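Knowing the structure of chain U, use the given hints to seat chains F and L on it.
In order, the protein sequences belong to chains U, F and L. Here the numbering used here is used: position 7 in the first sequence is 1, and no number is missing along the way. Start counting at 1 in the second sequence, then tack on 969, and there's your number in the numbering used here. Start counting at 1 in the third sequence, then tack on 5, and there's your number in the numbering used here.
Simulated from the structure, these hints should not be mistaken for laboratory data.
Restricting the straight-line Cα-Cα distance to at most 27 angstroms, the calculated cross-link-like pairs of lysine-lysine (DSS-like) are:
| # | chain 1 | residue 1 | chain 2 | residue 2 |
| --- | --- | --- | --- | --- |
| 1 | F | K1111 | U | K68 |
| 2 | F | K1038 | U | K68 |
| 3 | U | K18 | U | K68 |
| 4 | F | K1038 | F | K1111 |
| 5 | U | K68 | F | K1029 |
| 6 | F | K1111 | F | K1029 |
Listed next, the stretches of chain F that the computed footprint assigns to chain U, with coverage defined by at least 3 CB atoms under 8 angstroms from CB atoms of chain U:
| # | segment |
| --- | --- |
| 7 | 1001 to 1015 |
| 8 | 1095 to 1107 |
Pulled from the structure, derived: some chain F residues nowhere near chain U, Cβ distances all over 10 angstroms:
| # | residue |
| --- | --- |
| 9 | R984 |
| 10 | T1041 |
| 11 | V1077 |
Everything numeric in this text was worked out from a predicted model, so none of it was measured. Yeah, the Cβ is synthetic: ideal placement off N, Cα and C, and Gly gets one too.
Here is how the chains run, residue by residue.
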Amino acid sequence: MFWELELVLFVFLALAAILAIEAKDLLVSVVLMTAFSFITALLYISMGAVDVGFTEAVVGAGVTGILFVLVLFKTSRETKD
Amino acid sequence: MNKRFQSPIVLLGARFLSPYIFMFGLYVIFHGHYSPGGGFQGGALLAAAILLVRVAGGEKIGQLQLIEKLTTPIGVIGVIIYFGTGLSAILAGGNFLDYGVLPFPGVVEPAWSRYIGLLIIEVGIGAAVMAILVMIYDNMIKGEDYD
Amino acid sequence: MVYAATDLPNRADNNSAMHAEISPNGGPVIGNYFIQNAYKDAKTPNIVTVILGDYRGIDTFGEQLVIFTAGLVGILVLRKSKKLKK
Chain U
-5 MFWELELVLF VFLALAAILA IEAKDLLVSV VLMTAFSFIT ALLYISMGAV
45 DVGFTEAVVG AGVTGILFVL VLFKTSRETK D
Chain F
970 MNKRFQSPIV LLGARFLSPY IFMFGLYVIF HGHYSPGGGF QGGALLAAAI
1020 LLVRVAGGEK IGQLQLIEKL TTPIGVIGVI IYFGTGLSAI LAGGNFLDYG
1070 VLPFPGVVEP AWSRYIGLLI IEVGIGAAVM AILVMIYDNM IKGEDYD
Chain L
6 MVYAATDLPN RADNNSAMHA EISPNGGPVI GNYFIQNAYK DAKTPNIVTV
56 ILGDYRGIDT FGEQLVIFTA GLVGILVLRK SKKLKK
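Just chain U, same shape as in the assembly:
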């Protein structure tokens, strides 16, 4: 579609990925990974694949987010490294 929109989305995508790796609190990592998934869904939609983007938004930002938060509550919240 518009290359300016996709450039902004790619910049935010890289930003979310780097911050999710570098964060000390694992809950912050999970939230940033959800944001990563959502930006990926927006990129898919801007490329014209609406079905794939819909699946990515529902599964990546909804269900796996809930499952990761559940695993965080069952284990510890801090990283060791």
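Just chains F and L now, with coordinates in the frame of chain U:
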């Protein structure tokens, strides 16, 4: 979920939001012929609506929407709907999963028969995906502690 | 990989090889059949649904079996058994 994370405001928000997500999931499944969406996306939306109340409300309130024992039968029924549609196409004299030969009452053209067959299998996919995602969550919540 | 990606055709380019009706070696492009005949075969405007459910129905069935197997493995690994508790 743990007791110390429960809050009535979060629970109220989840209870307010959950029926709308559920309704949107049903819309995505049944309107998948005309708009983006289909069985898998709709089933994941239904599972998200149920899991939202389960995360916010804890074990007892979450069971009010879909009790835990029902999840495995619904998943099996969803797979059987899909497989049974394919198998009945063989019995009607066609190939496996060829909906064009299915004898629906009042349908003459094979194209409209395929239309109804697609609708049936999407309901099957949606039921299976919803039940299995909720089932995985329940098993993780009530699972054994390995520490 | 970046150097190779610069040679790819642009998105939404009508004249690229994959959108043509006849492929460069002379045969027909198979994706063309789906686009032209999806509505006639199943009376459904959404081509993605027709391809996933009708033309590639066995593929979707395998996908559903994968999800079902994931649920079964979840039961086997995670569910608390009553016999072991006693």
